[in-house]
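Q: As a plain string of letters, each chain reads:
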Amino acid sequence: MNWRIVWTLVRKDLKLFFRNRFFAFVSVLGLFAYIGIYYLLPGSVEEAIKIGLIADELPPIFDELQEEGLDLVLLDSEAELEQRLLDGDITVGYGLPDDLMAGLLSGSKQQIKVYFSYDFPEELKDAYIILFRELVFMMTGQELNVQAEEVVLGQDMAGAQIPPRRRMLPLMAVFVLMIETMGLSSLISAEVEEGTLTALFTTPMGARELFVGKGAAGAGMAFVQAALLIVATGGLRREPVLILAALLLGALLVTGVGFLMASGSRDLMSVMGWGILAVVVLALPSFSVLFPGLFTGWIKAIPSYYLVDTVHKVINFGAGWREVGANLLALLGLSLAFLGLGVATLQRRYR
Amino acid sequence: MDTNAINAEELTYRYGDLTAVDHISFHVAQGEILGFLGPNGAGKTTTVMMLTGQLRPKEGRATLLGLDVARQSKKIQAQIGICFERTNLYEQMNAKENLELFAQLFGVRSFDASALLARVGLAGRERDRVATYSKGMRQRLMVARALVNRPSILFLDEPTEGLDPVSAEAIRHIILEERQRGATVFLTTHDMLEADRLSDRVAFIDRGKIVALDTPHALKQAYGQRRVMAQVVGADGRLEEREIVLDTPDTPDTVRQLFSQERVVTVHSEEASLEDIFIQITGRGLV
Numbered sequence: 139m140n141w142r143i144v145w146t147l148v149r150k151d152l153k154l155f156f157r158n159r160f161f162a163f164v165s166v167l168g169l170f171a172y173i174g175i176y177y178l179l180p181g182s183v184e185e186a187i188k189i190g191l192i193a194d195e196l197p198p199i200f201d202e203l204q205e206e207g208l209d210l211v212l213l214d215s216e217a218e219l220e221q222r223l224l225d226g227d228i229t230v231g232y233g234l235p236d237d238l239m240a241g242l243l244s245g246s247k248q249q250i251k252v253y254f255s256y257d258f259p260e261e262l263k264d265a266y267i268i269l270f271r272e273l274v275f276m277m278t279g280q281e282l283n284v285q286a287e288e289v290v291l292g293q294d295m296a297g298a299q300i301p302p303r304r305r306m307l308p309l310m311a312v313f314v315l316m317i318e319t320m321g322l323s324s325l326i327s328a329e330v331e332e333g334t335l336t337a338l339f340t341t342p343m344g345a346r347e348l349f350v351g352k353g354a355a356g357a358g359m360a361f362v363q364a365a366l367l368i369v370a371t372g373g374l375r376r377e378p379v380l381i382l383a384a385l386l387l388g389a390l391l392v393t394g395v396g397f398l399m400a401s402g403s404r405d406l407m408s409v410m411g412w413g414i415l416a417v418v419v420l421a422l423p424s425f426s427v428l429f430p431g432l433f434t435g436w437i438k439a440i441p442s443y444y445l446v447d448t449v450h451k452v453i454n455f456g457a458g459w460r461e462v463g464a465n466l467l468a469l470l471g472l473s474l475a476f477l478g479l480g481v482a483t484l485q486r487r488y489r
Numbered sequence: 012m013d014t015n016a017i018n019a020e021e022l023t024y025r026y027g028d029l030t031a032v033d034h035i036s037f038h039v040a041q042g043e044i045l046g047f048l049g050p051n052g053a054g055k056t057t058t059v060m061m062l063t064g065q066l067r068p069k070e071g072r073a074t075l076l077g078l079d080v081a082r083q084s085k086k087i088q089a090q091i092g093i094c095f096e097r098t099n100l101y102e103q104m105n106a107k108e109n110l111e112l113f114a115q116l117f118g119v120r121s122f123d124a125s126a127l128l129a130r131v132g133l134a135g136r137e138r139d140r141v142a143t144y145s146k147g148m149r150q151r152l153m154v155a156r157a158l159v160n161r162p163s164i165l166f167l168d169e170p171t172e173g174l175d176p177v178s179a180e181a182i183r184h185i186i187l188e189e190r191q192r193g194a195t196v197f198l199t200t201h202d203m204l205e206a207d208r209l210s211d212r213v214a215f216i217d218r219g220k221i222v223a224l225d226t227p228h229a230l231k232q233a234y235g236q237r238r239v240m241a242q243v244v245g246a247d248g249r250l251e252e253r254e255i256v257l258d259t260p261d262t263p264d265t266v267r268q269l270f271s272q273e274r275v276v277t278v279h280s281e282e283a284s285l286e287d288i289f290i291q292i293t294g295r296g297l298v
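Chains A and B are the protein sequences, given in the same order.
With positions in the first sequence counted from 1, the corresponding number in the working numbering is that position plus 138.
With positions in the second sequence counted from 1, the corresponding number in the working numbering is that position plus 11.
Hints are computed from structural coordinates only; laboratory data are not their basis.
There may be inaccurate statements among the hints.
Said to hold, decoys possible - Away from chain A, derived, C-beta distances all over 10 Å, residues of chain B:
| id | residue |
| --- | --- |
| 1 | Gln-41 |
| 2 | Glu-70 |
| 3 | Leu-78 |
| 4 | Arg-97 |
| 5 | Glu-108 |
| 6 | Leu-112 |
| 7 | Leu-116 |
| 8 | Lys-146 |
| 9 | Gly-147 |
| 10 | Glu-172 |
| 11 | Glu-273 |
Said to hold, decoys possible - Subject to a maximum C-alpha distance of 30 Å in a straight line, what follows is the list of computed DSSO-like cross-link-like pairs (lysine-lysine):
| id | chain 1 | residue 1 | chain 2 | residue 2 |
| --- | --- | --- | --- | --- |
| 12 | B | Lys-231 | A | Lys-153 |
| 13 | B | Lys-86 | B | Lys-69 |
| 14 | B | Lys-86 | B | Lys-107 |
| 15 | B | Lys-86 | B | Lys-220 |
| 16 | A | Lys-451 | A | Lys-438 |
| 17 | A | Lys-153 | B | Lys-85 |
| 18 | B | Lys-231 | B | Lys-69 |
| 19 | A | Lys-263 | A | Lys-247 |
| 20 | A | Lys-263 | A | Lys-251 |
| 21 | A | Lys-188 | A | Lys-263 |
| 22 | A | Lys-153 | B | Lys-86 |
| 23 | B | Lys-220 | A | Lys-153 |
Said to hold, decoys possible - These stretches of chain B come out as covered by chain A in the derived footprint (C-beta under 8 Å, 3 or more residues):
| id | region |
| --- | --- |
| 24 | 52–65 |
| 25 | 84–92 |
| 26 | 98–106 |
The C-beta atom is built at its ideal place from N, Cα and C for all residues, glycine as well.
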């Protein structure tokens, strides 16, 4: 391996990358945009459930609920309740009859209204109706003789919910890595298209130097951009070496994907076509962080899962080497496999 | 010790069922310019690709500077320069950056890109991006790039094709300078006059086979016909051409008749061109 040649190729590719106005612009703009979006997203999660009540006065028992994390708001009219529901000020609303307690004590059936906004999850509606029935039992002295004990598996996030911006971070990291990969693929396909690869191969440069040089330039650019994103969003406060190691392996993985894309591309348009497909697939595991429970076990078949899961667990749960070591090993293996596959495919196509 | 820069023995290449180069053998001496002539698809570029290590011969072998092209291509490529038929420069880099990149790849120390660019007539345009260059300027830069490592053998594939006369002449001048420096030149061209003027020897390749290989003078001697072209005034008063082939038994009578029966305006001798000879040997033209 001639490292002088490798270094020459890396410098050349960096120079050409930043002279491609499209990718240079997208890289810089993308980085600033992701950082901007991160800080625009909510930095905290409102855990208290706000319930609106249309009633003359707060019924008994409801006082105690305020201490359990329920925030009760007395409202004057149905119109006000509806407006505050639509504005998202309250989660759910109960419309109580004026003489609720008297009616309950007389044994007559009481009619209450439960208000939800149009986008309220269907599966939770029944829970709020059942909650009110339970409260009625308590108010009338018919509390069920059941004691519930709360058991939380894993870290109890009560009072420390992960804010949306922190959930978005793995997705942004994958996007940044993939954009750089498209730049790398575009550079390779341009070299083939313009015949410069032939010129390079008639110098002392061999295939090994070429692929190491291209890989180093591609992975380097992807890693630096992703690391800048994580630094700018404060993601390196916990286990910085671990996060950087995961990003580096992720950069190697997407470089392998970039080689595969380049071997199937002839111009910028085909790079973009393959690139978008790759971005969609590799971004899927990030959605399982945004929406826990969205996917089942098959998501682990997507190589980027091990990057996303590592970044998520370290940044949002303070996981250490022991907790994510298996992820890093899997990521290392997949990165090497994709790099090898990418190099083999490129060599087969262009030599 | 082998004094030839290039030795090819039974060199063969096939693309599937098509034999592009068919058992050709030749040598090129050190410091010699060999013109490699043939029509499109004759096997010229495939031969160059085999000699420069871009393609592995299917049969036969070739050595450059005593090194086997199939097994020691990287060592060979370090000592040769190639000017490709198709322009393949880094368009977003300037001329100086293009040359410096290749100088670094070749490991050339204390490389003076400006001096080389001045030599090919690109002084003052070093820092302009290649994308802004004309075809002639790009071709000059291609030749300059082939020279960055002071090659022992220079492969030039149609270096002057489609160029303006000034650019073409500049490149021809560089080829002769390189020969003077001691470099061997393997010149592929369609331009018969250029080949005649520059080459020490020329090889005609047709359908993958070398059909003639000698000095231009010897080929003309062997295949060409000496002739005289005369311009005479025709019956309608307009100028007409008359051709008289020399060295035949009828030549004296034909010349006598021309001067006695026609009104001769001009007479000049004409030598057979390499193109004429190529047509005579292969039965078809060079294009």
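Q: Are the hints correct? Go through all of them and say.
A: Tested hints:
| no. | hint | in the structure |
| --- | --- | --- |
| 1 | Gln-41 | 21 Å, holds |
| 2 | Glu-70 | 20 Å, holds |
| 3 | Leu-78 | 13 Å, holds |
| 4 | Arg-97 | 5 Å, violated |
| 5 | Glu-108 | 7 Å, violated |
| 6 | Leu-112 | 6 Å, violated |
| 7 | Leu-116 | 4 Å, violated |
| 8 | Lys-146 | 15 Å, holds |
| 9 | Gly-147 | 19 Å, holds |
| 10 | Glu-172 | 16 Å, holds |
| 11 | Glu-273 | 56 Å, holds |
| 12 | B:Lys-231 <-> A:Lys-153 | 53 Å, violated |
| 13 | B:Lys-86 <-> B:Lys-69 | 20 Å, holds |
| 14 | B:Lys-86 <-> B:Lys-107 | 25 Å, holds |
| 15 | B:Lys-86 <-> B:Lys-220 | 28 Å, holds |
| 16 | A:Lys-451 <-> A:Lys-438 | 15 Å, holds |
| 17 | A:Lys-153 <-> B:Lys-85 | 26 Å, holds |
| 18 | B:Lys-231 <-> B:Lys-69 | 34 Å, violated |
| 19 | A:Lys-263 <-> A:Lys-247 | 21 Å, holds |
| 20 | A:Lys-263 <-> A:Lys-251 | 12 Å, holds |
| 21 | A:Lys-188 <-> A:Lys-263 | 15 Å, holds |
| 22 | A:Lys-153 <-> B:Lys-86 | 28 Å, holds |
| 23 | B:Lys-220 <-> A:Lys-153 | 45 Å, violated |
| 24 | 52–65 | holds (count 3) |
| 25 | 84–92 | holds (count 4) |
| 26 | 98–106 | holds (count 7) |
Comparing the model with each numbered hint stated earlier shows that hints 4, 5, 6, 7, 12, 18, 23 do not hold.
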